[in-house]
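Colleague: First to last, the protein sequences are chains A and B. Each residue of the first sequence is one higher than the one before, starting from 1 at the first, in my numbering. Each residue of the second sequence is one higher than the one before, starting from 1 at the first, in my numbering.
In short, the hints are calculated from the structure, not lab data. All values reported here derive from a predicted model rather than from experimental measurement. Keep in mind that the hints are not guaranteed to be accurate.
One copy or any two copies: either way a pair holds, since identical chains are not told apart in the list.
Taking lysine-lysine pairs in the BS3-like style, the calculated list, with each CA pair at most 27 Å apart, reads [what the hints assert, rightly or not]:
no.	residue 1	residue 2
1	Lys274	Lys126
2	Lys126	Lys260
3	Lys12	Lys65
4	Lys143	Lys12
2 protein chains.
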Amino acid sequence: MSKKIVIIKTHKDEAALALVKDTAAKYGYSVEVYGDLDEAKPHLEDAEIIHGMGMGLLANTPNAKWYCIASAGINGYDADYFDERGVLVSNSSGTYGTTIAEHIIMMATMIMRHMFRFDELRREGKWLSFKEVTDFRTLCGSKILVLGTGNLGATFAGRVRSFEPASIVGVSKSGREVPEFDRVVKLEELDAELPNADLIVMCLPGTPETENVLNKERIALLSKDAIVINVGRGNAIDEDALMDALENDRIAAAALDVFKEEPLPEESPLWKTKNLYITPHVSGQETAHVTRELNMRMFCEDIENYCEVRPLKYAVDLRRGY
Amino acid sequence: MSKKIVIIKTHKDEAALALVKDTAAKYGYSVEVYGDLDEAKPHLEDAEIIHGMGMGLLANTPNAKWYCIASAGINGYDADYFDERGVLVSNSSGTYGTTIAEHIIMMATMIMRHMFRFDELRREGKWLSFKEVTDFRTLCGSKILVLGTGNLGATFAGRVRSFEPASIVGVSKSGREVPEFDRVVKLEELDAELPNADLIVMCLPGTPETENVLNKERIALLSKDAIVINVGRGNAIDEDALMDALENDRIAAAALDVFKEEPLPEESPLWKTKNLYITPHVSGQETAHVTRELNMRMFCEDIENYCEVRPLKYAVDLRRGY
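Whenever a hint applies, use it, and build me the whole structure from the sequences.
Modeller: In structure tokens form, the structure reads like this:
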């Protein structure tokens, strides 16, 4: 069997890929990079290590011993298939916190500072005196509630801390303390926190347990000023209940980057919902150089672990879902 | 003479105003609040302390002993007039850093993440696959250059630090060290810094010395990736040279909140300049509750100083311009 690593990447970032090539060469591995699965297919049969996304990358890879999934989310992968093959599986959780934190802070400030309205006026060439401007809000002084205290939630919390929010409370299954948060509560205690939050940031993985975490009953507990931002997985919000709350001004606004169905269909009523701001799952992804570099650095760490016969640092449990 | 304080405020913020009323009462002063100068006029003649904006507030205030200017900028005030009257003058520098830092980070991330384009697509109900997304940039890893190391520049630098930029360099007249910056250089050394900056943030006061600091020659020194954000005063940029650089893709983008002429006239070519994003002088202003409260807290400090016959903490030199 040839000692071959195949990387499947939409955005080829030569500087980031050079890191992997250097590490691989140390252990006598070659590295091949392809833009998508179709391009990669003829070259997968003898690959030992594969870095990419989607169940499709498993076809015709009889010699693969380790699959590194390029995303943080690992929902949609068939755990049985991996088990039967007895292969290693890792993911890329930790790659996306940096870029997603910038997305969250961007969307929160855009909503708090009426930027969607100001940008409409800009397109029309219209100046609006500050005397006519309705109240801006600020991250400074805001009460922030973060669902999910992993890499996404903690990186955001670490960055937003410098804006001097009134509080940053985390919510997780275990309720285990994480230093970036003032305190972390268990999911069972979520309901008590919801009425006090100015900004609710959802960074949850897509598992059966996170299905509709923000359901109709919980949306009803939110304050009129609440802003909801979802950058985790779309399954975590009851989209119909959210639309209803927004259309009736029961909460202030929402910014969704992830949806139950992606791409979001053209006919989805979410597009036209009042005070709902949609981005097409770009808060993370490998759209930024820092992300691509971090992704490759983490892969390098595990190439070293793999070659030195140590456990993979980023190994995942597909049944648990993270 | 009656012991009377008059405050002229567009946005009446009862919580913030209560702070002043409490402090004033301690020293036997009454406080009157009016929405604008016209409303205030009949009540100014016997006022001893006046808090507001614009030269107009000096008319018919023969008994005033102290004017507190509600803005940080004090360009446009006639120093001779104040001198002749022998009155105290203070300003509100320190009030706006918090809200302006949020504006800068919002505009920088919006540009770096192509948010103006994504928002157009949202309005049209169009999803764009991340595969078609051109490169995002991040504050993380960016080289940031800040002109002006006072309250605005330092507050922004303190907040953006948590995003892990590659560097934060300040520029000031004195070059004096300020802890929020990696280093501070003198204005004479600006030219050497310009080619290396990914993000140039301008936080300068409007003085004769800051006139066209970013002139045609300096704009020519910027890199093709440079993003320019101005939140200080509009006099600091040669607007024609900036438009020319943007239209010819010699720099990446600019976000202007301040202009040589405000309101920006409808016929200004700035409105339609490529990659130029305009906001109507709302980065600061008293549009946010934190700003209004901070503004009143600072005023309270100086009410105590005034009543205890100590120097005003926020006294300004109108001839120097800050």
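Colleague: At most 27 Å between C-alpha atoms: does Lys12 with Lys65 qualify within a copy, between copies, both, or neither?
Modeller: Within one copy only: 24 Å inside a chain, 67 Å across chains, cut-off 27 Å.
Colleague: What label fits Lys126 with Lys260 when the C-alpha limit is 27 Å: within, between, both, or neither?
Modeller: between (37 Å within a copy, 17 Å between copies)
Colleague: Taking 27 Å as the upper bound on the Cα-Cα distance, should Lys274 and Lys126 be classified as within, between, both, or neither?
Modeller: both (22 Å within a copy, 17 Å between copies)
Colleague: If the cutoff is 27 Å on CA atoms, where do Lys143 and Lys12 land: within, between, both or neither? Let me know, please.
Modeller: between (40 Å within a copy, 23 Å between copies)
Checked against the numbered hints given earlier, the structure satisfies every one of them.
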